[in-house]
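There are 2 protein chains.
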Amino acid sequence: MPNIYVSEASAYVDQETTIRGWLYNKRSSGKIQFLLVRDGTGIIQAVIFKPEVPAEVFQHGEELTQESSLVVTGTVRKDDRAPGGYELLVKDLQIVQIAQDYPIAPKEHGVGFLMEHRHLWLRSSRQHAVLRVRAQVIKACRDYLDQQGFLLVDAPILTPAACEGTSTLFETDYFGEKAYLSQSGQLYNEAAAMAFGKVYCFGPTFRAEKSKTRRHLMEFWMIEPEAAYYTFEDLIQLEESFVSYIVQSVVAQCREELAILERDTSPLANVQPPFPRITYDQALDILHQHGKEINWGDDFGGDEETLLAEQFPKPVFVTHYPARCKAFYMQPDPDRPQVVLASDLLAPEGYGEIIGGSQRIHDLALLERRIAENNLPREAFEWYLDLRRYGSVPHSGFGMGIERVVAWICGIDHLREVIPFPRMLYRIYP
Amino acid sequence: MPNIYVSEASAYVDQETTIRGWLYNKRSSGKIQFLLVRDGTGIIQAVIFKPEVPAEVFQHGEELTQESSLVVTGTVRKDDRAPGGYELLVKDLQIVQIAQDYPIAPKEHGVGFLMEHRHLWLRSSRQHAVLRVRAQVIKACRDYLDQQGFLLVDAPILTPAACEGTSTLFETDYFGEKAYLSQSGQLYNEAAAMAFGKVYCFGPTFRAEKSKTRRHLMEFWMIEPEAAYYTFEDLIQLEESFVSYIVQSVVAQCREELAILERDTSPLANVQPPFPRITYDQALDILHQHGKEINWGDDFGGDEETLLAEQFPKPVFVTHYPARCKAFYMQPDPDRPQVVLASDLLAPEGYGEIIGGSQRIHDLALLERRIAENNLPREAFEWYLDLRRYGSVPHSGFGMGIERVVAWICGIDHLREVIPFPRMLYRIYP
Chain A
42 MPNIYVSEAS AYVDQETTIR GWLYNKRSSG KIQFLLVRDG TGIIQAVIFK PEVPAEVFQH
102 GEELTQESSL VVTGTVRKDD RAPGGYELLV KDLQIVQIAQ DYPIAPKEHG VGFLMEHRHL
162 WLRSSRQHAV LRVRAQVIKA CRDYLDQQGF LLVDAPILTP AACEGTSTLF ETDYFGEKAY
222 LSQSGQLYNE AAAMAFGKVY CFGPTFRAEK SKTRRHLMEF WMIEPEAAYY TFEDLIQLEE
282 SFVSYIVQSV VAQCREELAI LERDTSPLAN VQPPFPRITY DQALDILHQH GKEINWGDDF
342 GGDEETLLAE QFPKPVFVTH YPARCKAFYM QPDPDRPQVV LASDLLAPEG YGEIIGGSQR
402 IHDLALLERR IAENNLPREA FEWYLDLRRY GSVPHSGFGM GIERVVAWIC GIDHLREVIP
462 FPRMLYRIYP
Chain B
42 MPNIYVSEAS AYVDQETTIR GWLYNKRSSG KIQFLLVRDG TGIIQAVIFK PEVPAEVFQH
102 GEELTQESSL VVTGTVRKDD RAPGGYELLV KDLQIVQIAQ DYPIAPKEHG VGFLMEHRHL
162 WLRSSRQHAV LRVRAQVIKA CRDYLDQQGF LLVDAPILTP AACEGTSTLF ETDYFGEKAY
222 LSQSGQLYNE AAAMAFGKVY CFGPTFRAEK SKTRRHLMEF WMIEPEAAYY TFEDLIQLEE
282 SFVSYIVQSV VAQCREELAI LERDTSPLAN VQPPFPRITY DQALDILHQH GKEINWGDDF
342 GGDEETLLAE QFPKPVFVTH YPARCKAFYM QPDPDRPQVV LASDLLAPEG YGEIIGGSQR
402 IHDLALLERR IAENNLPREA FEWYLDLRRY GSVPHSGFGM GIERVVAWIC GIDHLREVIP
462 FPRMLYRIYP
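Listed in order, the protein sequences are those of chains A and B.
Just so you know, the first sequence maps onto residues 42 to 471 in our numbering.
Just so you know, the second sequence maps onto residues 42 to 471 in our numbering.
Treat the hints as calculated values from the structure; they're not laboratory data.
Certain hints may be false.
[Claimed, not checked] If we take Cβ atoms under 10 angstroms as the criterion, some of the chain B residues that face chain A in the derived model are:
1) Gly62
2) Arg173
3) Leu193
4) Asp214
5) Tyr229
6) Gly244
7) Pro245
8) Met259
9) Leu405
10) Arg464
This structure is a prediction, so every number in the text was calculated from the model and none was measured.
Even glycine gets a Cβ: it sits at the ideal position worked out from N, Cα and C.
Taking the hints into account, I'd like the entire structure generated from these sequences.
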């Protein structure tokens, strides 16, 4: 008698099989019990008819509580009325453990309580669906880049230099030296791109920002492609193909999950290249028309991003930002050096920035000047300057925050639900 | 005229194309120059005949130094004498940047010097090959587990509890609380396995160990599968299939890289299930026969592992370790509770441990006792104990160190070469 997973039930119709899982929910009426059994791959209805099983099997069914673990044997039946389309006609039922007073009852709980029980909350259908979408987003990212000839080259997490000031960095003692948790693998990516042409890194990144918004986590995952000889135009085309591939792959592979999340997928169907583009100056006009007071040179906040993104049915690129509100390494526009060849990609439906990217400065003297202007510790950047000394070439790259993309695709407001164990301000348990 | 990558040359025979890259090496004899051009995907020989190009193109060729960046246009020719089998008959050549005094000359350098220039060293053929193998190992890990229905569920890096003592942990301030960089995602994996059945996490892990051996890094990547309802036997079978898949996938996909590394692949061809198994007690006998003085209950060090692994032509499992030399969460053997259902997998050819795995304790009272015996802070483990309160089931998992596997497959002694930017004792630059 094979042990099978719920997701395989369709291949075992009319066969006797064993499923090992947990009780998700149940109902009964006299001589018949309906057990909803989850095993991590899906939920199947196991049906116990009192006349057809030994008394103790029926008794076991009655004893089962929510999240009790069980091993159930029976015949798979196709039944269109059953949730999922298949059910199991029970012959035998073993209790592994009775769960007493499972804390997450099928009723409303506060978010604080659920976060405190995140290790159990993961078992609920909704969280389950979100994290399956997350896994598919990550798989799609890798598949796309691998297919396009990008090589995975991992960037280090422990870094010596504080790229953009230390105020938002987690610091640790590294055998007597100060080290910081990486906020981005980009600088290392640039070294790798000069060796391998097209590369990406993908790992956790950290930001010790004392902010408590729905769009920030202290620990989040970022995928960062970087390519030698890529112009700003090449970069934008890569970004729109990449994002479209990811969205369409989730729409195709995660129908059931998106249905559980009650996600209207029609806006997602729009996500196909090309994406609209506006310059920073055009964005400023739009914001002014909507009564926002913002000056040329200011960066946009979450509210501005939302407002801009609402004007378009697809993700929109905002390009050519003022140099002064962007990072030191971004390439100035040769036609107008006060703006840089950088773009943010804003997701629609209020989700805002999901990607930031730019062409990088490849001229040694200019990069040295920018490092000095930004009061960065020159010594820590010597290796990075070497990339402009030895065969420097134009190159470009971007970083995409996984959690923001998952939140957008799932239609979920708060990032805390789209990572298995969120790290937020004052939240590091479990 | 298409821009192409060297790896695509075979598809453009007799066509005019442009390749953008760097000068790897060159030689010339009078009227002819042979430029070895690398672009990250491979190396192609670009041939300049003086009579067939404008004088300035030939002049450019002469000016090029090692690692200068260039854009070269010409016709692809199949030529079995050329390295790689194709060459480019040059029509035009643009210099992007002349690299002056590239520090890594084609001669022997000390390891310290090379590590200091790791950002450039990555460009050399050998490092290139190693990191391509690394990317393939990681891809194979994910492909295998995805195909087998394991779901990627990321474990957090910042963790509150110090699982196995704080002496080897990197610590950071988390808004007034102490937090530690994760040494393993396992405990979180166990929560995820109870939600999703079969899961894995894959990310960087950290060990602040003041040791300077060829087999340790402070920051390394680990892949950790965990499965509900998996017995110790299921686990071992998963491990041998997983490792065999990875090795055979690299042998098939990275022929060229393994050739550059002069790796004898015949020992790798052996890596097919089943793997031999010996118990800890049998291992002790072997060690005693070889004159090692080691007592029952002691853990094995690198030397012992090497000696044991040398006895077998394939990776070998050592099973049933004394409970006292293993972690608190490991399931005792029901037939002999002083040993645990744990195994280490030792790679042959002197590479030693690549995997550690075990069945986990699923009984609440036993786990509570083990936490107390190990003087662990009970409070930090309450959520972990919850997994034994609410539908506890037998479950098993393992962790595999990516760098150790890459080193073994590449036939490289020291882990510092198998990660792009190694973090070692007193080495955190670049």
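Cut-off 10 angstroms, beta-carbon criterion: hint that arginine 173 (chain B) touches chain A:
holds (7 angstroms)
Under 10 angstroms, Cβ to Cβ, is where methionine 259 (chain B) needs to be relative to chain A, so tell me if that hint holds or is violated.
holds (7 angstroms)
Double-check glycine 244 (chain B) for me: the hint is only fine if its C-beta lies closer than 10 angstroms to a C-beta in chain A.
holds (6 angstroms)
Let me know if the C-beta of tyrosine 229 (chain B) comes in closer than 10 angstroms to any C-beta of chain A, holds or violated.
holds (6 angstroms)
Does aspartate 214 (chain B) meet its interface restraint, that is, does its C-beta lie within less than 10 angstroms of any C-beta in chain A?
holds (7 angstroms)
With a cut-off of 10 angstroms on the beta carbons, see whether leucine 193 (chain B) makes it to chain A.
holds (5 angstroms)
For the restraint on glycine 62 (chain B), tell me whether the closest CB of chain A is nearer than 10 angstroms.
Glycine 62 (chain B) check passes; min Cβ-Cβ to chain A is 8 angstroms, inside 10 angstroms.
Using Cβ atoms only, decide whether arginine 464 (chain B) comes closer than 10 angstroms to chain A, and label the hint accordingly.
At 5 angstroms from the nearest chain A Cβ, arginine 464 (chain B) passes the 10 angstroms test, so the hint holds.
Against chain A, run the beta carbon of leucine 405 (chain B) and see if the smallest gap drops under 10 angstroms.
Holds - the Cβ of leucine 405 (chain B) comes within 10 angstroms of chain A, reaching about 9 angstroms at its closest.
So, as I understand it, the hint says proline 245 (chain B) touches chain A; can you test that by seeing if any CB pair is closer than 10 angstroms?
This hint holds: proline 245 (chain B) lies near chain A, its Cβ roughly 5 angstroms from the closest one there, short of 10 angstroms.
Consistency note: the structure conflicts with none of the earlier hints.
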